[in-house]
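**Q** One line per chain: the protein sequences are A and B, in this order.
Following numbering that gives the first Met the number 0 from start to finish, the first sequence increments by one per residue and tops out at 345.
Following numbering that gives the first Met the number 0 from start to finish, the second sequence increments by one per residue and tops out at 500.
Please keep in mind that the hints were generated in silico from the structure rather than gathered at the bench.
Do not take every clue at face value.
[As the list claims (entries may be wrong)] 30 Å max Cα-Cα, derived DSS-like pairs, lysine-lysine: (1) B:K382 <-> B:K197; (2) A:K202 <-> B:K46; (3) B:K46 <-> B:K421; (4) A:K202 <-> B:K367; (5) A:K202 <-> B:K197; (6) B:K366 <-> A:K179; (7) B:K382 <-> A:K314; (8) A:K314 <-> B:K46; (9) B:K275 <-> B:K366; (10) B:K197 <-> B:K366; (11) B:K367 <-> A:K179; (12) A:K202 <-> B:K275; (13) B:K366 <-> B:K382; (14) B:K412 <-> A:K202; (15) A:K179 <-> B:K382.
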Amino acid sequence: MIRAFRRSNMTAIGMILVAMIAFASLASPYFLDYYNIQAVIRDLAFIGMIAMAQAMLLIIGELDLSVGAVASLCGILAGMMMVGQGLNPYLVLVIALGLGALAGTINGLIVSRLRLNSMVVTIGMMGVYGGIGLVLTRGKAITGIPEEIRFLGKGSIGPIPAPFFFTVAILMLVLFITRKTRTGRYMYAIGNSRDAARILGIKVDAIRVFVFALAGFVSALAGILYVARLGSSQTAIGEAWAINSIASAVIGGVALTGGIGNPAGALVGAGIIAIIQNAIVLFGVNVYWQSAVSGFVVVTAIALSSLSTMWDERKLRRGKVAAVARDQAVPKEPPAADRLMEEERA
Amino acid sequence: MPILEARGLTKIFPGVVALDSVDITVELGEVHCIIGENGAGKSTLIKCLTGVYTPETGDVVIAGETVGPHSRSLFDRIAYAPQEIDLFLNLSVAENLFLPFESTGITGLISQGRLESAARPILERFRIGVNPGELVRDIPVSARQFLQIARATLKEGYQVLILDEPTTSLTARDAVTLFDIVREIRAEGKSVIFISHKLEEIFEIGDVVSVFRNGRNQARAAVDDASIPWVISQMTGGTVDQESTFRSEELGDDVLLHVDSLTGRDFTDVTLTLRKGEILGLYGLVGAGRSELMQAVFGYLPVYSGTVDLLGSPLPRGNTYESIRRGLIYLSEERRQMGILSMLSVRSNLSILSLDRLRSAFGLSRKKEDALAREIVARYDVKTPHLDQPIQFLSGGNQQKVIIGRSMAADPKVIIFDEPTKGIDVATKVELYRMMKRLAEDRGVGIVLISSEIEEIRRCANRVVVLYEGRVAGEFGPETDQDEIMRAVIDASPSEAKEMK
Chain A
0 MIRAFRRSNM
10 TAIGMILVAM
20 IAFASLASPY
30 FLDYYNIQAV
40 IRDLAFIGMI
50 AMAQAMLLII
60 GELDLSVGAV
70 ASLCGILAGM
80 MMVGQGLNPY
90 LVLVIALGLG
100 ALAGTINGLI
110 VSRLRLNSMV
120 VTIGMMGVYG
130 GIGLVLTRGK
140 AITGIPEEIR
150 FLGKGSIGPI
160 PAPFFFTVAI
170 LMLVLFITRK
180 TRTGRYMYAI
190 GNSRDAARIL
200 GIKVDAIRVF
210 VFALAGFVSA
220 LAGILYVARL
230 GSSQTAIGEA
240 WAINSIASAV
250 IGGVALTGGI
260 GNPAGALVGA
270 GIIAIIQNAI
280 VLFGVNVYWQ
290 SAVSGFVVVT
300 AIALSSLSTM
310 WDERKLRRGK
320 VAAVARDQAV
330 PKEPPAADRL
340 MEEERA
Chain B
0 MPILEARGLT
10 KIFPGVVALD
20 SVDITVELGE
30 VHCIIGENGA
40 GKSTLIKCLT
50 GVYTPETGDV
60 VIAGETVGPH
70 SRSLFDRIAY
80 APQEIDLFLN
90 LSVAENLFLP
100 FESTGITGLI
110 SQGRLESAAR
120 PILERFRIGV
130 NPGELVRDIP
140 VSARQFLQIA
150 RATLKEGYQV
160 LILDEPTTSL
170 TARDAVTLFD
180 IVREIRAEGK
190 SVIFISHKLE
200 EIFEIGDVVS
210 VFRNGRNQAR
220 AAVDDASIPW
230 VISQMTGGTV
240 DQESTFRSEE
250 LGDDVLLHVD
260 SLTGRDFTDV
270 TLTLRKGEIL
280 GLYGLVGAGR
290 SELMQAVFGY
300 LPVYSGTVDL
310 LGSPLPRGNT
320 YESIRRGLIY
330 LSEERRQMGI
340 LSMLSVRSNL
350 SILSLDRLRS
360 AFGLSRKKED
370 ALAREIVARY
380 DVKTPHLDQP
390 IQFLSGGNQQ
400 KVIIGRSMAA
410 DPKVIIFDEP
420 TKGIDVATKV
430 ELYRMMKRLA
440 EDRGVGIVLI
450 SSEIEEIRRC
460 ANRVVVLYEG
470 RVAGEFGPET
480 DQDEIMRAVI
490 DASPSEAKEM
500 K
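When you get a sec, could you build the whole thing from the sequences and use the hints?
**A** Below, the structure is given as C-alpha cells:
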C-alpha cells in the first residue's frame with residue numbers, strides 16, 4: 000500500500016506547495032500577514048474536506064459532481080430547521096449530516112444498481128438537489144442563523160480557524176479507513192479492477208454505496224459549516240466545490256482512472272488551490288482572468304506529475320537497452336531475488 | 000532472396016526480455032512454422048514483424064529493404080490474422096471482411112449490396128458457410144476464425160500471411176480445411192508464417208520450422224529433417240519432465256460439489272460432480288462455455304435454472320462473497336483483468352483474500368500482513384525483489400503463483416482453475432501441476448481444471464468432462480484414449496452424449 004501512496008508523487012506536489020508559498024510570500028507583502036494566512040486556511044478547510052471525499056470516490060473509480068449541490072441543500076435544510084422551526088442547532092447539525100449521507104446513498108444506489116456512469120448520474124442529481132434548494136428558498140437567503148453555531152464556521156481556536164479542525168478530523172477518518180480497514184483495501188481493489196474485486200468475493204456494490212454516502216456526509220458538513228460562517232443559507236454555496244475538489248485530488252496524486260493515490264494528497268492539492276485563489280486576489284489580478292489563471296496552474300501541476308512518470312519509464316528503458324548492448328546477461332527476474340529467497344528460507 | 004527477415008531483434012518490457020537477439024528468415028512460397036510454449040516470444044516477434052512494436056535493437060528486412068521510420072509502407076506486404084478473434088461483432092460479415100476499405104481496394108460510396116456480392120466469392124473460397132449480411136456475433140466461432148483469416152488475405156499486395164494460433168477454436172475437421180487453404184495460398188507464390196504450440200500441425204503443414212524458447216530463436220530446420228522428439232527437446236531445453244502424470248491418488252467418497260441441470264446464457268443443462276481429492280478436467284474448445292459455466296457456479300455470472308450444492312448444502316446464486324466464505328474459489332483465465340490488482344504491490348495482492356485474519360487492536364496489522372506475505376512467497380517460490388514490487392512487473396508465472404498462493408491461504412475446499420498455465424513457461428507449468436496434485440492429495444481439495452490443452456488434461460485429470468457449445472458432450476476416465484476425447488468434441492450433439500467410466 001505504501002508504494003501505491005508513494006507513486007502518487009506526494010513529494011512532487013509537496014514541493015510545489017512549498018514553492019508556491021515561497022513565491023507568494025516574495026511576490027506580495029500581504030501574503031504572510033496573520034489574518035491572510037488565517038483566511039487561506041479557512042478557505043482550505045472547506046475545499047480540503049470535500050477534496051478528500053472526492054479522492055475516496057476517485058480511488059474506487061467514481062466521481063461525484065453533486066457535492067456542491069448537496070452541501071448547499073443541506074445548508075438550506077439546516078437553516079430552515081434552526082430558524083424556521085427553532086430546533087436546537089446541534090440537533091439540526093446531526094440531522095443535516097444524516098440527510099447528506101442519505102443524498103450520497105441515493106447517488107450510490109442509482110450508480111451501482113442501475114449500472115450507470117457516475118459522472119452522468121451526479122450531474123443529473125446536481126440539478127435535482129440544487130433544484131430542491133431553489134424551491135425551498137425561492138431564491139432568497141435564510142438569515143438569522145443562531146449565534147451559538149456560528150462559532151464553528153467563523154470562529155478560531157488560537158490561530159487556527161474552527162472549520163479546519165473538522166477538516167483534520169475528516170483527514171484522520173479518511174486515512175484510517177484507507178490504511179487500516181478492510182474496506183479501505185477493498186476500495187483500492189475495486190479501483191484496480193471491479194471484476195477482479197468481485198472474483199475475490201468483495202462486496203463491490205455495498206462499498207461503492209458507502210463511499211458515495213461518505214461523500215454526501217462530508218458535503219453536508221462543509222455546507223453547514225459554511226452557513227455558520229456566512230450567517231445565512233444560500234443556494235449559491237458550493238458552486239465551484241465540485242470541480243475544485245476533483246482538481247485538488249488529481250493534483251494530490253489520485254489518478255482519475257482509479258485504484259491508486261493517497262487521499263491526504265487531496266488536502267495538499269486543495270492547499271495549492273487555496274493559495275492560488277488567495278494570490279490572485281492579493282496580486283490584484285483582473286477578476287476576469289481568475290479562472291484562466293487557476294485553470295492554467297491546475298493543468299501545469301497535473302502535467303508535471305504525468306511528465307515525471309514518463310521520465311521514470313524512459314530511464315528504465317534506457318538502462319535495460321544499455322545493459323543488453325553491453326552483452327550482459329540481463330536477468331529475467333531481478334538479481335536480488337535469489338538472495339532474498341535464501342534469506343527467507345534461512 | 001528471402002521475402003522477410005529479422006536480424007538481431009530485441010524487445011524489452013518492464014521486468015521481462017520478450018525477444019533476445021532474434022534472427023529469422025522466411026523465403027517466398029514457404030510455409031514457415033514457428034513453435035514454442037506460451038510465453039516463448041512468438042506473439043511479440045509477430046508484433047515486431049508487422050510493425051506494431053518497435054524493437055529496442057535489430058532490424059526487420061522486407062523484400063531486401065530494411066524497414067526504417069520512413070519506409071513503414073513495407074509493412075503493407077505483411078498480412079496478419081491475430082490469435083484472438085478481433086472482429087466487430089455488431090457489424091456484418093461483409094463489412095468485417097473489407098474493413099479498412101483503403102487497404103482492400105473499396106472506393107467511392109459504400110453500398111451494403113455491393114459489399115455483400117463482393118464478399119460471396121471470398122466466403123466460398125474459404126468454405127465459410129454463412130451469409131455475408133449476417134452479423135458476426137450470430138455466426139459460430141469457427142466461422143469467425145476463418146473469416147479473420149480471409150480478411151487478412153484481402154490486404155492488397157500482401158506477400159506474407161501470418162497466422163497466429165489459427166486452430167484454437169477449430170475442430171479437427173475444420174483444421175483440415177484450414178490446411179488445404181494454406182496450401183492453396185502457398186501455391187499462389189505467397190509465404191505463410193504459421194504459429195502454433197501444437198506439434199502435429201507442424202508436421203502436417205510446414206516446410207520449415209523455427210523453435211522458440213524464452214525469447215530466443217532456439218533452432219531452425221526443414222520439417223522433413225526434424226522429428227517430434229527433437230522439436231520437443233528444443234522447446235523445453237530437454238530439462239523438463241515431459242512424461243510424468245500428476246493425477247491425484249487420494250480420492251475420497253465425499254461429494255464436494257454437485258452441479259445439477261445448470262443452465263445459463265452460454266451453457267445448457269449441465270450436470271457434474273466433484274469428489275474429495277479429485278481433479279476433474281473440463282475440456283473443450285475455446286468458446287465452448289467452460290469458463291462461463293464455472294463462473295456461474297461460483298456466482299460471478301447469472302444462473303437461469305438448476306442448482307449448485309457445495310459440501311452438501313445449496314450454494315446461494317450470484318454471491319461470490321458467500322461462495323468464498325463457504326470454501327469455493329474461482330481463479331480466472333484472464334490474469335490481468337480479473338486476477339491481479341495490477342497497480343498494487345505484491346504484498347497487497349497477497350493479503351487481499353485474508354484481511355479478516357490480519358486484524359489487530361487498531362485495524363489491519365502491518366506486521367501480520369508481512370508475515371503472511373512472506374510465508375506465501377516462500378512456500379510457492381514467488382520470485383520478486385521485494386514485497387513492495389508492483390505486481391505488474393512480475394512474470395506471468397510468478398503472478399499466477401501469487402494468485403494461487405493467496406487463494407490457498409484462504410483455505411478453500413474446492414478450487415476452479417481456469418486455464419492456469421496459459422502464457423506460462425514450461426518449467427513453471429510443471430511446478431503448478433505438482434502443486435495441484437499435492438493440494439488434492441494432502442488437503443483433500445477438489446479441483447476443477449479447465450483447459451484447452453489435451454496433454455494437460457491427460458497428465459493431470461482423474462476424470463474429464465467435455466463441453467461442446469455449452470452442453471456436456473461426454474465424460475471420460477483417466478485411461479481413455481486422447482482420440483476418444485477429441486472425437487467427443489467433433490461428433491458432439493446433445494443426443495449423442497456418451498458416458499464412460
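**Q** Hints first: check each against the structure and report whether it holds.
**A** Going down the list of hints, with the structure as the test:
| no. | hint | in the structure |
| --- | --- | --- |
| 1 | B:K382 <-> B:K197 | holds, 29 Å |
| 2 | A:K202 <-> B:K46 | violated, 39 Å |
| 3 | B:K46 <-> B:K421 | holds, 19 Å |
| 4 | A:K202 <-> B:K367 | holds, 23 Å |
| 5 | A:K202 <-> B:K197 | violated, 41 Å |
| 6 | B:K366 <-> A:K179 | holds, 12 Å |
| 7 | B:K382 <-> A:K314 | holds, 23 Å |
| 8 | A:K314 <-> B:K46 | holds, 24 Å |
| 9 | B:K275 <-> B:K366 | violated, 35 Å |
| 10 | B:K197 <-> B:K366 | violated, 47 Å |
| 11 | B:K367 <-> A:K179 | holds, 12 Å |
| 12 | A:K202 <-> B:K275 | holds, 29 Å |
| 13 | B:K366 <-> B:K382 | holds, 21 Å |
| 14 | B:K412 <-> A:K202 | holds, 21 Å |
| 15 | A:K179 <-> B:K382 | holds, 27 Å |
Checked against the numbered hints given earlier, this structure breaks hints 2, 5, 9, 10; the rest are met.
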